[in-house]
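**Q** Go by the hints and put chains V, F and E onto chain S.
Protein chains: 4
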Amino acid sequence: MDFAFDARTEELRERLLTFMDEHVYPAEQTAHEQRSALASPWDTPAVVEELKAEARRQGLWNLFFVDQHSLPDEEHGAGLTNLQYAPLAEITGRSPQLAPTALNCAAPDTGNMEVLAQFGNEAQQKQWLRPLLAGEIRSAFAMTEPEVASSDATNIETHIARDGEDYVINGRKWYISGAMNPLCQIFIVMGKTDPDGADIRRQQSMVLVPRDTPGVIVKRAMQVYGYEDHYHGGHAEVLFKDVRVPVANLIGEEGGGFGIAQARLGPGRIHHCMRLIGMAERAIELMCRRAVSRTAFGKPLAQQGVVQGWIADARVAVEQLRLLVLKTAWLMDTVGNKGAHTEIQAIKIATPRTVVDILDKAVQLHGAGGVSQDFPLAELWAAARTLRLADGPDEVHQRSLARREIKRYL
Amino acid sequence: MDFAFDARTEELRERLLTFMDEHVYPAEQTAHEQRSALASPWDTPAVVEELKAEARRQGLWNLFFVDQHSLPDEEHGAGLTNLQYAPLAEITGRSPQLAPTALNCAAPDTGNMEVLAQFGNEAQQKQWLRPLLAGEIRSAFAMTEPEVASSDATNIETHIARDGEDYVINGRKWYISGAMNPLCQIFIVMGKTDPDGADIRRQQSMVLVPRDTPGVIVKRAMQVYGYEDHYHGGHAEVLFKDVRVPVANLIGEEGGGFGIAQARLGPGRIHHCMRLIGMAERAIELMCRRAVSRTAFGKPLAQQGVVQGWIADARVAVEQLRLLVLKTAWLMDTVGNKGAHTEIQAIKIATPRTVVDILDKAVQLHGAGGVSQDFPLAELWAAARTLRLADGPDEVHQRSLARREIKRYL
Amino acid sequence: MDFAFDARTEELRERLLTFMDEHVYPAEQTAHEQRSALASPWDTPAVVEELKAEARRQGLWNLFFVDQHSLPDEEHGAGLTNLQYAPLAEITGRSPQLAPTALNCAAPDTGNMEVLAQFGNEAQQKQWLRPLLAGEIRSAFAMTEPEVASSDATNIETHIARDGEDYVINGRKWYISGAMNPLCQIFIVMGKTDPDGADIRRQQSMVLVPRDTPGVIVKRAMQVYGYEDHYHGGHAEVLFKDVRVPVANLIGEEGGGFGIAQARLGPGRIHHCMRLIGMAERAIELMCRRAVSRTAFGKPLAQQGVVQGWIADARVAVEQLRLLVLKTAWLMDTVGNKGAHTEIQAIKIATPRTVVDILDKAVQLHGAGGVSQDFPLAELWAAARTLRLADGPDEVHQRSLARREIKRYL
Amino acid sequence: MDFAFDARTEELRERLLTFMDEHVYPAEQTAHEQRSALASPWDTPAVVEELKAEARRQGLWNLFFVDQHSLPDEEHGAGLTNLQYAPLAEITGRSPQLAPTALNCAAPDTGNMEVLAQFGNEAQQKQWLRPLLAGEIRSAFAMTEPEVASSDATNIETHIARDGEDYVINGRKWYISGAMNPLCQIFIVMGKTDPDGADIRRQQSMVLVPRDTPGVIVKRAMQVYGYEDHYHGGHAEVLFKDVRVPVANLIGEEGGGFGIAQARLGPGRIHHCMRLIGMAERAIELMCRRAVSRTAFGKPLAQQGVVQGWIADARVAVEQLRLLVLKTAWLMDTVGNKGAHTEIQAIKIATPRTVVDILDKAVQLHGAGGVSQDFPLAELWAAARTLRLADGPDEVHQRSLARREIKRYL
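Chains S, V, F and E, in that order, are what the protein sequence lines are.
For the first sequence, our numbering assigns the number 410 to the last residue and increments by one with no breaks.
For the second sequence, our numbering assigns the number 410 to the last residue and increments by one with no breaks.
For the third sequence, our numbering assigns the number 410 to the last residue and increments by one with no breaks.
For the fourth sequence, our numbering assigns the number 410 to the last residue and increments by one with no breaks.
Source of the hints: derived by calculation from the structure; they are not laboratory data.
Take these hints with a grain of salt, some might be off.
SDA-like, lysine to any residue: derived pairs with alpha carbons at most 20 Å apart [what the hints assert, rightly or not]:
hint	chain 1	residue 1	chain 2	residue 2
1	F	K407	V	R294
2	V	K219	S	E33
3	S	K219	V	E33
4	V	K52	V	G79
5	S	K52	S	H232
6	S	K241	S	D194
7	S	K299	E	R403
8	V	K407	F	T295
9	F	K407	V	R282
10	S	K219	V	Q373
11	V	K299	S	T154
12	E	K407	S	T295
13	V	K299	F	R408
14	S	K299	F	T295
15	S	K52	S	E22
16	S	K299	V	I200
17	S	K299	E	S400
18	S	K338	E	E319
19	V	K407	F	G305
20	V	K241	V	D166
21	S	K219	V	H32
Next comes chain S alone, as it looks inside the complex (with noise of 0.2 Å):
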């Protein structure tokens, strides 16, 4: 047992941490500003394309662990371990709005580059995960349905049916994350090609639906309390009427999309812990600098017991999740995504719950301002409450890691 991050780790993390100080922090207020000027909210600033750029010349850039044996070739991708992106991501969960998209890391693509990558065929590699691989054009994965509870993915009810040499795909999508931004081409579609099938497992396909095909409507931006999530392309609702694509543009098999969905989720689930990290970091260091900033009752906040409290369980908190998040990884590393299960399950447990009280803290040592838009918190609030939701509710993994654990026992 060692806790000491191996050297290709601290060497990129000293990099990413110069980038971030020279280039991601300087950049939140420009992108700020040069998003109030766009046309559509929906557009990209100009910053964050520099961003991009420069990440890409220092070679940070593609450095989530996706297997290299599986990519179209070995130029993409920097080949780091999960145990080895962790550490990383967690930085860029600083800066959320504009790190993971300025390293090609960010939701949902480096989720649909893994899927492309390992389950793609060489033509759908070539169309769609070269450009993605080099952040030309964004994607998004629609799974979830407002009428049902998708976290289960055998709920879905959005339907494919073939008819020739087509799919036809009929179904109401919401909550499809980056699908607001004009660059997002491509949509990976998770469907049910065999409704009635015995097994509820093999019911579902996926298909590969380009943005501009006739019927798919692009309906409205759903708000995340108040929020619209520009910079992610937002959270859309997407319809889809009779949309038609050749059969060529399904995933893997057809019966196989329950499965993907599954391998797709072990990876997604950890990154978007890995971030909530970092902004659980950035919390705490808002409220270290506001509470020597600011004085209530004639002393500085920080030396109030209540303002101790709160960031001595800050700390407490954090240094037990990233533990746990580290952990996982490695499981994922060593034993694979289905042996780290139980890990991944108990970290998409913990981490929004923890981040959400400790971004609620910071909220309230700032006052008026906590709420505001002149500091991250509230926004980051907002982020990490959903992920109390997104991808199942806390209830649906509790109740599945507590049969795991009872199970021993009967």
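**A** Positioned in the frame of chain S, the structure of chains V, F and E alone reads:
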């Protein structure tokens, strides 16, 4: 000791509940639609004026407590006690964007009308109180400042300098509720006329500043977790740059500002608490409706222990809160606002955080819908959460209440 | 609506507070010393009988509500309503080991007296109710069993078999409060006379079993977090082995046991809640006294924000709880125990857990002293914590209350 | 970074788990029975000595970390690092009344042995360390005092006055763990040799006081929530009245007491935390076993969402805690106890309160059984709860940790 409402209260509750069912709830959707078609989001949807006219016609107008003897004439105000008003205010909290305004019982107008009734002179009442009582204009209360812990009025930094027959005002205020609404024509501005005065509670004064006075700059809408709160006229940042008003605009006497602010607080706090309880009731209703209509793990949410726990705890908490708010209203009626000081503080501490918790559970129960604009829950949550900061953070009130508790043993 | 106590209540409160100051609190130390010199820890210290005599002399005797028309004669009982009794019971909770017994208002005797007054026949009342009302004997209520979730009386497994003119009882009970006290001379035993009956709420009956009946084995004292609760006669495990009593010992009718148990619950719960609030008040007092007398980090605990937060939150919570308990008492008086069902359940859920939290904070504030025998806090905590289980765990009541709440929307 | 145990740890874990199964768990019931037949509850049941002999035979003896170079000779101690010892200590925490003693790894002996090994001279080691390492005697650490916040050693009031070739000790100590056990033959007493010294951290010294020294009065057993903790030799109040020992009994140098106490703290805290995690694991096991064997509302507790939530949350919390404790052990091994200061404080804050919560849920799940002596849960809870106070209340550690966190931003 008697826990039944009196006959007048029962009768008004009945009428108000009917008004809510017949007019307010049906107007919610209409108002949203009308608003999206407005030239400015700060304008008022037509249906709001219709609601006001109907409420006035039905005698459901100016229900909040205000000393009748202080009013310019007797035609205004329903003449209710705080205890009679409390359960009515609660009902309006079930539709907080429309109902309080419909009944001319919305913050900050109620508090401002009380100030004018109690401390304004005849001319001030004629010019500003009458149109406020008539619902013809709106008003704002400009106290809080970004640079100081302004829950303590002695920290205020805005300067009100006497210059001949004028006051010249300079300062920066934020979270000035209602000020984004163009109908908001009058600001009560709190500042220091004697910043170096020996008695720190006699340094402050309040002056009336018409919106169109040169130097009044309504700079921007402050956000609350991404919301701008259009229905309440937003929460503005307002700059006062060499704003000049005649000395006749002074409310009460020089040095009386702190005292007026204190007098204004009690009723303001209790109104907020009453409405928060109404919000909690709406959340419970939405939880129950969701619980009976959604299924997970093969049975309705309503039959799941976790959900039952949330609903039971919400009910148990609300019953306790309501009684404390009602008792506080009774104390204000019987021993005055000062005699009710501890209880006013207690409800200020207890109500927002309890209601925040209930709303958070309701959000969780609604999944992605909970954080979205399709249910009122996320926005209600943001409003309730902000009330843990508005008018002083929880910790300020805990400290003050604890000191009084401890004092008995010194 | 009126939150003032009536004159009778005020007068009795005054007298009881004086009695506490003059007799009960001074007796606490005496009682502990006398107890340590007793032959058996289950015997009663002499000072307890002196307190009883004094209370009776002062007319502070049998204050709990009991229907006067059910009593064998009118000389017994103070004739108070639940609402009048509530604030008096609260005061006795400040010294729970002595005061309730001193006033002949201790559990489980009060509940047992109510059962006998309401359902007992004349002979039963003469034999058992009179000496109980006179404080000459004590009693126990033998319902809960170790093998089943006995908060639901339908699960009871003890068998009461008719055999000629006798009932023969077999079963195992535990946590039978008071039964270790040799003065406890009569047990009300709940069991099944018709275990296979179609109506599961008509299978149970209650019979009177004198302590000295052959086959009654008071086996051992059950602990509560290490405490044996000597002042209340402990909580015994009791075996009933072929215990034979005449059929005349049946209370009410065969099959009526479940109904009697239900009737007994409401008052029992509210008495517990009242006393718990008294415990909370004592905890707050102790917290304040500690806070002003101890110093840490160079200033009194009373000036530290964390401590202030604990005290403020305790006060705020207690004020709410008390009002709900009082309202529940008022409902029991005005609409009956059934009409007050929801509120009785609400206070059963809210009171123990709130008081547990307050006591835990008080323990923390007292450091090692808090967990020790030198302060009453740890033992009060254990008592309060156990009331989250006694008479059904929180979760049972949450479920039931939630179902009634949800039913409106079905 | 590597999360796998090394081979030596794995091998020892395997052997220790077998020892627990074969010897310790079966001895729990035996020990309870033997104890109830002892002349004094402070005597040691015979089975404990049998366990010690067996453990020693198996080489499961003195496993805790202690610098080999400090030991009087090399035959003692297993030579493990903190990181290797941690998972073993956790296992002993599953049966905390027997296992640590069986392995000669029980507090406060381990800490005292470390002090003697590191700071004792040869004579002191020969006289006291050897029999302690051999498990022939027990020891106590007499630091905490009832009158002062003695978690801060600078507050200690016990006086150690030099008088010729003797020290004369006067003071009152309480919660001196182990001191009720007659085998406890040596006390390390902390007091002030220079109470007026300028440097408040050089006023203290430690001296060895044999139990039978005149003036040492072991006055009474302090309780912990009604428990006296017989297996650990209780927690005594000890008076030192003109206790006279030769100056040769000084440990280290005069004025070195504070430093020795600080050095002793780190390992002591981490041992407690390791064992607490073992307690939590036992609680989870008991919860699961209960959940599969009890039914409520017509289905096993194991299938109820509330219970699943408790179990899942417990698992998630324990996984995080364990990692932080292990990392802390690793830091102690690699950068020393000072370098691990923040993490030691973090686990001191996090572990007791997390385990308290888990045990409380386990109690709730066991109903009346949970608070009784029939399950270990209530007593484990009391032990864990006390560790939120022992060695400094949570709030002291939160303050200290927060100050270090904040310092970076000053």
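**Q** Look at each hint and say if it fits the structure.
**A** Outcome of the hint check:
With a C-alpha separation of about 15 Å, the suggested pair K407 of chain F and R294 of chain V falls inside the 20 Å cut-off, and the hint holds. Simply put, K219 of chain V and E33 of chain S have alpha-carbon atoms about 16 Å apart, close enough for the 20 Å limit, and the pair holds. As the CA atoms of K219 of chain S and E33 of chain V are separated by approximately 16 Å, the hinted pair is consistent with the 20 Å bound. This hinted pair checks out: K52 of chain V and G79 of chain V have alpha carbons roughly 19 Å apart, not beyond 20 Å.
For a cut-off of 20 Å, the pair hint linking K52 of chain S to H232 of chain S stands: about 15 Å separates their Cα positions. The hinted pair formed by K241 of chain S and D194 of chain S meets the criterion: a straight-line CA distance of about 18 Å does not exceed 20 Å. For the proposed pair K299 of chain S and R403 of chain E, the alpha carbon gap of about 15 Å is at most 20 Å, so the pair holds. The straight-line distance between the Cα atoms of K407 of chain V and T295 of chain F is roughly 16 Å, inside the 20 Å bound, and the hint therefore holds.
Note on K407 of chain F and R282 of chain V: the hinted pairing holds, with a Cα-Cα distance of about 16 Å set against a maximum of 20 Å. Distance restraint check for K219 of chain S and Q373 of chain V: the Cα-Cα separation of roughly 14 Å lies within the 20 Å cut-off, and the hinted pair is therefore satisfied. For a cut-off of 20 Å, the pair hint linking K299 of chain V to T154 of chain S stands: about 16 Å separates their Cα positions. Pair hint K407 of chain E plus T295 of chain S holds up; C-alpha atoms about 16 Å apart against a cutoff of 20 Å.
Only pairs whose Cα atoms come within 20 Å are accepted, and K299 of chain V paired with R408 of chain F is accepted, the gap being roughly 19 Å. Between the alpha carbons of K299 of chain S and T295 of chain F the distance comes to roughly 19 Å, so the proposed pair stays at or under 20 Å and holds. At most 20 Å may separate the alpha-carbon atoms for a hinted pair to count; K52 of chain S and E22 of chain S meet this at roughly 14 Å. Distance restraint check for K299 of chain S and I200 of chain V: the Cα-Cα separation of roughly 18 Å lies within the 20 Å cut-off, and the hinted pair is therefore satisfied.
For the hint linking K299 of chain S to S400 of chain E, the alpha-carbon distance of about 17 Å falls within 20 Å, and the restraint holds. With a CA separation close to 18 Å, the supplied pair K338 of chain S and E319 of chain E stays within the 20 Å bound. Taken as a hint, the K407 of chain V and G305 of chain F pair is honoured in the structure, with Cα atoms around 15 Å apart against an allowance of 20 Å. At roughly 14 Å between alpha-carbon atoms, K241 of chain V and D166 of chain V fall within 20 Å of each other, so this suggested pair holds.
Taken as a hint, the K219 of chain S and H32 of chain V pair is honoured in the structure, with Cα atoms around 18 Å apart against an allowance of 20 Å.
The structure shown violates none of the earlier numbered hints.
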